[in-house]
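J.: Now for the letters of each chain:
There are 2 protein chains.
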Amino acid sequence: MSGVMKNTYAYGELMKLTETLLVSLYGYSGAEAQITAEVLVEADARNIPSHGVSRLDFYRGNLKGGFARPGTEPEIVYETPSSLVIDGHDGVGPYIAGFSVERMLAKAEKQGGAFCSVRNSNHFGIAGFWAEKAAQKNMIGLAFTNTRTCGIPTYGRERVLGTNPLCVAIPCGPEEGSRVFMLDMATTTVAHGKVEVYDRRRQTMPSGWAVDDQGLVMHDATAFEKLFWANPQFGGHLYLGGEGEESGGHKGFGLGLLVELLCSGLSLGAASYDTFLPGGGSGITHFFGAIRLDLFGGVPALKAHIAGILDHVKNGAKAEGRERIYIHGEKEAEARALALKNGISLDEATCRMLESLCAEAGLSARTPAPQ
Amino acid sequence: MSGVMKNTYAYGELMKLTETLLVSLYGYSGAEAQITAEVLVEADARNIPSHGVSRLDFYRGNLKGGFARPGTEPEIVYETPSSLVIDGHDGVGPYIAGFSVERMLAKAEKQGGAFCSVRNSNHFGIAGFWAEKAAQKNMIGLAFTNTRTCGIPTYGRERVLGTNPLCVAIPCGPEEGSRVFMLDMATTTVAHGKVEVYDRRRQTMPSGWAVDDQGLVMHDATAFEKLFWANPQFGGHLYLGGEGEESGGHKGFGLGLLVELLCSGLSLGAASYDTFLPGGGSGITHFFGAIRLDLFGGVPALKAHIAGILDHVKNGAKAEGRERIYIHGEKEAEARALALKNGISLDEATCRMLESLCAEAGLSARTPAPQ
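Note that the protein sequences, when read in sequence, are chains F and C.
Our numbering puts the first residue of the first sequence at 1, with every later residue one more than the last.
Our numbering puts the first residue of the second sequence at 1001, with every later residue one more than the last.
Just so you know, the hints here were simulated from the structure itself, not pulled from any lab data.
Glycine included, each C-beta is placed from N, C-alpha and C at the ideal position.
Heads up, a few of these hints could be off.
[Stated by the list, open to error] Quick partial rundown of chain C residues pointing at chain F, CB under 10 Å, derived from the structure:
#: 1; residue: Ser1207
#: 2; residue: Lys1251
#: 3; residue: Gly1269
#: 4; residue: Tyr1273
For reference, chain F alone in the conformation it holds in the complex (with noise of 0.2 Å):
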């Protein structure tokens, strides 16, 4: 299939695309391409491409690896009035995240919060699209995974946690889901990604991003690159705060492992180190929270002492030469908005695996561009 490169894809044009070819190439049921497909749309429509649609091509080597089991339900192994204890038994990331928080949300609702922590998961997209779940509905939210390992503790050498994001989010605005405070952060300085646009580029990485196998900085992309993919034990990336305890990389190691124990710890699962073993499924693990906000008072009175409190940090004095400061989920927000009205923008190297994911599916890339 040949056809002019595509740069922008209306959002529902996205979804569909990327539905149809969940269904007709990766045999997801209808369920689980819907929301794998959701998520994945959701990232490129906030601007983190990272998670998005280009995921496609990790979703197929998790399939291929026999690390995601498509057309497996999820069960709950345990759970009580206020909690749930899920194994998703290898299937789908997202559904297996749509299953754990639509029952713990339902659950939060009765009891004031609510806790679940996943086993046998696999990537479940972006951690703001679970937690805002929470605060669409007038709660805190709290979506923690870990992941593939890839990270080093403070003084280490070995590979042993992942990138293990948490993230928070606290509604504010008037309305639900109007103004949502969303922290979604790598524990990680930074996550790998960030590693191969310095290694293109050829630019020093700063300290506090990664350590050779030896345990010790390093400022060469490139060699990182190499050493990363080479060696799948020594060498990785360091945590929030950087090499040893001057600043505060201990903390960063520290964030890590806690949202490594609230994963697999909770869950009885897999830890990152023991995750996407040969012969298993990945074994990823999840921990979500939900906590209502009328447990402090009355809803309106929280939300715009919360806004308050965000507007005095954001109208503070900027440093020279800048001009703003951004609150948690602002840029994401904003970004949002300008997708839903002028399209998403899609890299060149994603409009090529999509144009070649529709060729092997008999499908064309190539629709209307949206007005």
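For this one, chain F is given, so just place chain C on it according to the hints.
T.: Same frame as chain F, but now just chain C:
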């Protein structure tokens, strides 16, 4: 009062002395003095001297400034089966925290999890002391607080948030309280005490610690120390990850902001930038949480699994020149065990302050050293 300078106190001796001073010189009630002495002496025992009895000076300043008023009872202003909002009415911080955590834990015992926001409180000592109360009951414990303003948001130059520490404690020892993962961290890169040490030693601060009144990175600890005290509004500490976004400073800022929203946001209390205003209490706010481990299944199996993850991480290969990977809370637990055995060592300045307080109270600070 003269006398030989004494550097080591037995745990119980230091506790009794601190308690006596708080009653006789500070006007604390017996109950206020008891819990305050305990949280201060526990900090010294854990080798966190910045939060130990050296704080008696700061606590006295709070009395003189009218920020804290002993003899004031906290009030429950809102509650549900799984939550509390407390107004501390400018009372004694550790007493308010004790009141809050005790009631929250009782709710968590019944409900599975419970949360508590607190306004109009004061400095509550080490956050870990409070999170640990939950861990001792086989619950995950959360303890957060805002503080006097000192920190600068990413791309800002104005102090709007505090050091805003976060603490999460997860029990994992076979006996209750016998082993606890305890992440207790300021969300700023370093606490101000570290700058003072660099100033005294004329050391250069690394990037990522502090910015000047224009929001530009400072390395001169002495110059920063001068600016920090001369200018109450501009220039201050950076959050974990340092300046800008390249090494994740926006993540650390986000963590500080998260702590702020949970503490002052959920209590309708004062944000860090509104604390310690003349004519009122300090306005300090806290947030506590407790989540029962048995929400996720059998406690022994969960604890063993969590301990196994920590052991695996701890036993990973070490960086060149390093012999140990520390799990969060280990250093403090080991220091505490030693202090209970060999006594608590205080630095000279703290000893002198104690001597002077004792002289004022007509007490002797000289008591037999422990064997």
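J.: Does Ser1207(C) pass the interface hint, meaning its C-beta sits closer than 10 Å to a C-beta of chain F?
T.: holds, 8 Å
J.: Does the closest beta carbon of chain F sit nearer than 10 Å to the beta carbon of Tyr1273(C)?
T.: Tyr1273(C) check passes; min Cβ-Cβ to chain F is 6 Å, inside 10 Å.
J.: Min Cβ distance, Lys1251(C) to chain F: is it shorter than 10 Å?
T.: Check passed: Cβ of Lys1251(C) comes within 4 Å of chain F, closer than 10 Å.
J.: Against chain F, with CB atoms and a cut of 10 Å, does the hint on Gly1269(C) hold up?
T.: Since the shortest Cβ distance to chain F is 9 Å, the answer is holds.
Consistency with the previously given hints is maintained throughout, with no hint failing.
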